[in-house]
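Asks: Residues per chain are reported as follows:
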Amino acid sequence: MVYLRSLLFLIAGFATGLNAKSSTGDSVLVIVEPKQQDNYSLFLNGLKKQGYDLTFRAPKAEAPVVIEYDDPTFAHVILLASENKVFAKDITPQSLVELLGKKTNLIIALSPKQTPLSSLAAEFSLTLPPPGTPLISYFPKREGPPSVIPVSVPATHSILSENLHPVWFSGVPHSLGNNPLLVPILRAPAESFAAETDGGSPDALVDAAERGGEGLWAGSQLGLVTGFQTLDGSRVTWVGGAAIFSDEYATKEVSKGVPSGNLQFARDVAKWTFQESNVLRIDRTTHNLVNSTKSLEQYTTNDQIVYSAYISKYDSKTSTWAPYSGIKDLQLEFTMLDPHIRTALLPVPGVPGKYSAAFRAPDRHGVFKFLINYKRKGLTSLQSSTTVAVVPPRHDGYPRFLSAAWPYYTGAISTSVAFFLFSAMWLAGDSHEKRAKGHKAE
Amino acid sequence: MAPKSSPPAASNVVHSLWKAYSDQTSDRMKFIDAFLVFLMLSGVAQFLYCVLVTDYPFNAFLAGFSSNVGQFVLTASLRSQVNPENKNEFKEVSPERAFADFALGSIVLHFFVYNFLG
Numbered sequence: 001m002v003y004l005r006s007l008l009f010l011i012a013g014f015a016t017g018l019n020a021k022s023s024t025g026d027s028v029l030v031i032v033e034p035k036q037q038d039n040y041s042l043f044l045n046g047l048k049k050q051g052y053d054l055t056f057r058a059p060k061a062e063a064p065v066v067i068e069y070d071d072p073t074f075a076h077v078i079l080l081a082s083e084n085k086v087f088a089k090d091i092t093p094q095s096l097v098e099l100l101g102k103k104t105n106l107i108i109a110l111s112p113k114q115t116p117l118s119s120l121a122a123e124f125s126l127t128l129p130p131p132g133t134p135l136i137s138y139f140p141k142r143e144g145p146p147s148v149i150p151v152s153v154p155a156t157h158s159i160l161s162e163n164l165h166p167v168w169f170s171g172v173p174h175s176l177g178n179n180p181l182l183v184p185i186l187r188a189p190a191e192s193f194a195a196e197t198d199g200g201s202p203d204a205l206v207d208a209a210e211r212g213g214e215g216l217w218a219g220s221q222l223g224l225v226t227g228f229q230t231l232d233g234s235r236v237t238w239v240g241g242a243a244i245f246s247d248e249y250a251t252k253e254v255s256k257g258v259p260s261g262n263l264q265f266a267r268d269v270a271k272w273t274f275q276e277s278n279v280l281r282i283d284r285t286t287h288n289l290v291n292s293t294k295s296l297e298q299y300t301t302n303d304q305i306v307y308s309a310y311i312s313k314y315d316s317k318t319s320t321w322a323p324y325s326g327i328k329d330l331q332l333e334f335t336m337l338d339p340h341i342r343t344a345l346l347p348v349p350g351v352p353g354k355y356s357a358a359f360r361a362p363d364r365h366g367v368f369k370f371l372i373n374y375k376r377k378g379l380t381s382l383q384s385s386t387t388v389a390v391v392p393p394r395h396d397g398y399p400r401f402l403s404a405a406w407p408y409y410t411g412a413i414s415t416s417v418a419f420f421l422f423s424a425m426w427l428a429g430d431s432h433e434k435r436a437k438g439h440k441a442e
Numbered sequence: 001m002a003p004k005s006s007p008p009a010a011s012n013v014v015h016s017l018w019k020a021y022s023d024q025t026s027d028r029m030k031f032i033d034a035f036l037v038f039l040m041l042s043g044v045a046q047f048l049y050c051v052l053v054t055d056y057p058f059n060a061f062l063a064g065f066s067s068n069v070g071q072f073v074l075t076a077s078l079r080s081q082v083n084p085e086n087k088n089e090f091k092e093v094s095p096e097r098a099f100a101d102f103a104l105g106s107i108v109l110h111f112f113v114y115n116f117l118g
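Chains A and B, in that order, are what the protein sequence lines are. What the first sequence shows, in the UniProt record's numbering, is residues 1 to 442, in sequence order. What the second sequence shows, in the UniProt record's numbering, is residues 1 to 118, in sequence order.
The hints are simulated quantities; they were obtained by calculation from the structure and are not laboratory data. One should not assume that every hint holds.
Ranges of calculated distance between the beta carbons of each label pair, as one might list FRET restraints [as the list claims (entries may be wrong)]:
1. A:VAL306 x B:LEU104: 52 to 60 Å
2. A:ARG360 x B:PHE31: 53 to 61 Å
3. A:THR387 x B:LEU36: 52 to 60 Å
4. B:PHE58 x A:GLN383: 42 to 50 Å
Here are the simulated lysine to aspartate or glutamate pairs, DMTMM-like style, with alpha carbons at most 20 Å apart [stated by the list, open to error]:
5. A:LYS60 x A:GLU83
6. B:LYS30 x A:ASP430
7. B:LYS87 x A:ASP430
To spell it out: a stretch of chain A is covered by chain B in this simulated footprint if at least three of its residues, at any positions, have a beta carbon under 8 Å from a beta carbon of chain B; those stretches are [to be verified]:
8. 395-408
9. 411-424
Glycine residues also receive a C-beta, built at the ideal position from the N, C-alpha and C atoms.
Only chain A is shown next, with the shape it has when bound in the complex (with noise of 0.2 Å):
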């Protein structure tokens, strides 16, 4: 057993790279009950091990807190005392809420009983069984009780490593509201379903199903790993039982000589809510003319504009950003209140990590926006807004000589031409009379 343990860690160690970090920072305070916190020794210490400076607080230890004046004082929590229904005083679902807004990441085990942070989870749109109904599947046939289910895992997956082994998964699953800003991670297997085990009653189920009007909690609809990444950019994972984060799941074999993904699966939902992997940067932006390289406060209807925006993917093995020209659906906007331009920003081939797009301003002025809102499941959501001017061409600024008004050029160029003539003629015949008079005269 022991050596198998070691052979893990150095598997998890050699394919996870040994000082990867965080995007955001490197502190993380891990709640757990002091007597299991080495039941998760696996994982942790794997954390430990890639830079990541854990420290370890059970749930009703005063110190350290969670924010500080108004300050998080670590970059990434770990929930792992599902159990606890008492916390300390600055853990409650409200700072948790606040972690959020103040960028810190969050994992947050949850667990069949009832507890401050099951009604947590509905406020993520996250709706969970009655109390006392964890998930349970008799299929596949196997050893053991029928509540610690083998959950294969999608085999592509932009979270997930590909093609791990099934999980061990025991726990209670949710249900997935509509919000947009949830990304399912780990769904239940089709034949799974809640069901009252320990000290649950079916009447509550039946119940709670009915009111919820979407039926039991049953099949692969259900959740049971679910991240949550807020407007601000902060991710939060919801799990369904911290025991899959267990040293017993991640050496117990899936079959004969298989052994489970668990530990790989914690890896990279961790990478994942710790701003390791999927996350972008809009480095900068620059506008500037057709066929030219100054960027301009303000354009002139009609003109031919470059957009040009420069994107960065974090690389955690190397703790560095990288250009990054993957994103094949990038948009960009040009909007004065409506979208007056909505147009593909593709990748430049040769550059990496940009991407570019031209088009003309619209015969229209005011004052313009470049919006980037770039919002896809999993990945850091790329906005960014430029404000311009597009302003009437100048009096100068306007086509000069044109074909069409020749005959008006003509009209007033001959008028002047007849008024010289005419006063030419004029004076001429003047002096004439005289002479003619003069000449009568004598």
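Given the coordinates of chain A, assemble chain B onto it according to the supplied hints.
Replies: Same frame as chain A, but now just chain B:
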């Protein structure tokens, strides 16, 4: 113009009008009238072009058309001031003074026209 003693036949009205005009008008007045006719035709041509073809650029149309109209007005006032028949009405305005006014007004007009034309 003195009216004819006996009314001519309807078909001869235009002919007799033309005859009376060419008989009774001095060469100077005829010369001014020719200029006026030219300005009128030019203005009509531009107006038709504007209505039938295009009024873009509109400022060019306004400049071209108003140069014709303005020149027409100035020339018409020159004509009334230098006409010997109106001598009693413009006693203090000599023909030379009238022409100087006309020339100055025209030059100012053309200055504005070319500014507005482009």
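Asks: Each hint: holds or not?
Replies: Structure-based check of each hint:
At about 54 Å, the CB distance of VAL306 of chain A to LEU104 of chain B agrees with the hint of 52 to 60 Å. In this structure, ARG360 of chain A and PHE31 of chain B meet the distance hint of 53 to 61 Å, their C-beta atoms being roughly 56 Å apart. At roughly 58 Å, the beta-carbon separation of THR387 of chain A and LEU36 of chain B lies within the given 52 to 60 Å, and the hint holds. One distance hint, 42 to 50 Å for the beta-carbon pair PHE58 of chain B and GLN383 of chain A, holds here, with the actual separation near 44 Å.
A distance of roughly 13 Å separates the Cα atoms of LYS60 of chain A and GLU83 of chain A; the hinted pair therefore holds under the 20 Å criterion. Of the supplied pair hints, the one linking LYS30 of chain B and ASP430 of chain A holds, its CA atoms being roughly 14 Å apart against a limit of 20 Å. Taking the CA atoms of LYS87 of chain B and ASP430 of chain A, the gap is near 18 Å; set against the 20 Å cutoff, the hint holds. With 8 residues having a Cβ less than 8 Å from any Cβ of chain B, the stretch 395-408 of chain A passes the three-residue criterion, so the hint holds.
Evaluation of the coverage hint for the stretch 411-424 of chain A: fulfilled, as 9 residues show C-beta separations to chain B shorter than 8 Å, against a requirement of three.
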